[in-house]
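S.K.: Work the whole structure out from these sequences, hints included.
Sequential numbering from 8 applies to the sequence shown in our numbering.
It should be emphasised that the hints constitute simulated quantities derived from the structure, not laboratory data.
Honestly, I wouldn't trust all of these hints.
Stated by the list, open to error - In silico SDA-like cross-links for lysine to any residue, where the CA-CA straight-line distance does not exceed 20 Å:
{"hint": "1", "residue 1": "K193", "residue 2": "N137"}
{"hint": "2", "residue 1": "K142", "residue 2": "D164"}
{"hint": "3", "residue 1": "K40", "residue 2": "Y174"}
{"hint": "4", "residue 1": "K142", "residue 2": "K153"}
{"hint": "5", "residue 1": "K27", "residue 2": "I106"}
{"hint": "6", "residue 1": "K109", "residue 2": "K153"}
{"hint": "7", "residue 1": "K32", "residue 2": "N131"}
{"hint": "8", "residue 1": "K109", "residue 2": "L56"}
{"hint": "9", "residue 1": "K153", "residue 2": "K127"}
{"hint": "10", "residue 1": "K127", "residue 2": "N9"}
{"hint": "11", "residue 1": "K142", "residue 2": "T194"}
{"hint": "12", "residue 1": "K27", "residue 2": "D197"}
{"hint": "13", "residue 1": "K124", "residue 2": "K32"}
{"hint": "14", "residue 1": "K193", "residue 2": "F37"}
{"hint": "15", "residue 1": "K124", "residue 2": "E181"}
{"hint": "16", "residue 1": "K165", "residue 2": "D61"}
Quick caveat: nothing in here was measured; it's all calculated off a predicted structure.
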Amino acid sequence: MNSVITISREFGSGGREIGKRLSEKLDIPFYDKELLEIASKESGICRELFDRNDEAYTNSFLYSLVVGNYPISSDGRIEPEMPINQRIFLAQFDTIKSIAAKGPCVIVGRCADYVLKNEKNTINFFITGNTAEKKKRILERYDIEKNKVEDFIKKTDKRRASYYNYYTDMKWGEARNFDLCINTSKTGIDGAVETMLAYIRIKESSVKND
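M.R.: Right under this line is the structure:
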C-alpha cells in the first residue's frame, strides 16, 4: 500500500465511517477532525477557530468582523493582514501536505483532493447517497428533529460546496475530479469499503506496470 486516500463526501453518506474502516483495513493513519488539531498546534491558531471555520466559507465582510476573521488592533482599527479564515485554510493546506509526505493515510474532506492533486500516489473518492438513506443515518447519529433533517443536509452540503469552490479551481462533487464516485445507498458501507479496496489494488497495480 503506497497511496494517500482522500475522501470527499455528502453529509449523511457515511464518508467518515467509510474512511475510518478503510484506514483500519489498510492499517494506515486516519485524519478527519484529527487534522484540525494538528494544524492548530503547528500554526499556533487556537483550535476553536478551526472548528468555527471548518469547511465553511463566507465572503460577507460583516460576518468576518463578527466572528473575528479580520484582526482588530487595540485602538479598534482593522489590521491590514490576512483574514483568519484564509490563514486557517493555508494552515490546513500545509498540514495535509505534511501528513501526506509521511506516507499512506486516509484524509476526509478539507479539499485534500485539491491540495494533493499533483501527487501521483493520491487516490480520490467521492461518497454520495440517496436522501432517504442519508436522513436515516443522520437521525441515528444526531439529535435533530425529523422534519428538519433534509434542510440540514442541504445546508451542510451547500456550506461544503461553497468552501470547496472558493478555495479551489474545481467544482465540489464533480465526477471528473475523482478516481471513483460511490453511492452508499447502492453499496452500503461495507460494500463501499470493499469497492474502494478493489479499486486501490487495481490502481496501484497499474502504476507498478507503467
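S.K.: Now tell me if each hint is right for this structure.
M.R.: Verification of the hints:
This hinted pair checks out: K193 and N137 have alpha carbons roughly 9 Å apart, not beyond 20 Å. Between K142 and D164, the direct Cα distance comes to roughly 13 Å. Compliance with the 20 Å bound is thereby established for this hinted pair. Taken as a hint, the K40 and Y174 pair is honoured in the structure, with Cα atoms around 19 Å apart against an allowance of 20 Å. Taking the CA atoms of K142 and K153, the gap is near 8 Å; set against the 20 Å cutoff, the hint holds.
This hinted pair checks out: K27 and I106 have alpha carbons roughly 16 Å apart, not beyond 20 Å. For the proposed pair K109 and K153, the alpha carbon gap of about 43 Å is over 20 Å, so the pair is violated. As the CA atoms of K32 and N131 are separated by approximately 17 Å, the hinted pair is consistent with the 20 Å bound. Of the pairs offered as hints, the one joining K109 and L56 is violated, with about 26 Å between alpha carbons and a cut-off of 20 Å exceeded.
At most 20 Å may separate the alpha-carbon atoms for a hinted pair to count; K153 and K127 exceed this at roughly 43 Å. At roughly 10 Å between alpha-carbon atoms, K127 and N9 fall within 20 Å of each other, so this suggested pair holds. At most 20 Å may separate the alpha-carbon atoms for a hinted pair to count; K142 and T194 meet this at roughly 17 Å. Our distance criterion of 20 Å between C-alpha atoms is met by K27 and D197, whose separation comes to about 12 Å.
Proposed proximity of K124 and K32 is contradicted: the alpha carbons are some 24 Å apart, above 20 Å. Taking the CA atoms of K193 and F37, the gap is near 25 Å; set against the 20 Å cutoff, the hint is violated. A C-alpha spacing of about 14 Å is found between K124 and E181, which places the hinted pair at or below 20 Å, so the restraint holds. With a C-alpha separation of about 13 Å, the suggested pair K165 and D61 falls inside the 20 Å cut-off, and the hint holds.
When the structure is compared with the earlier hints, violations turn up for hints 6, 8, 9, 13 and 14 and for no others.
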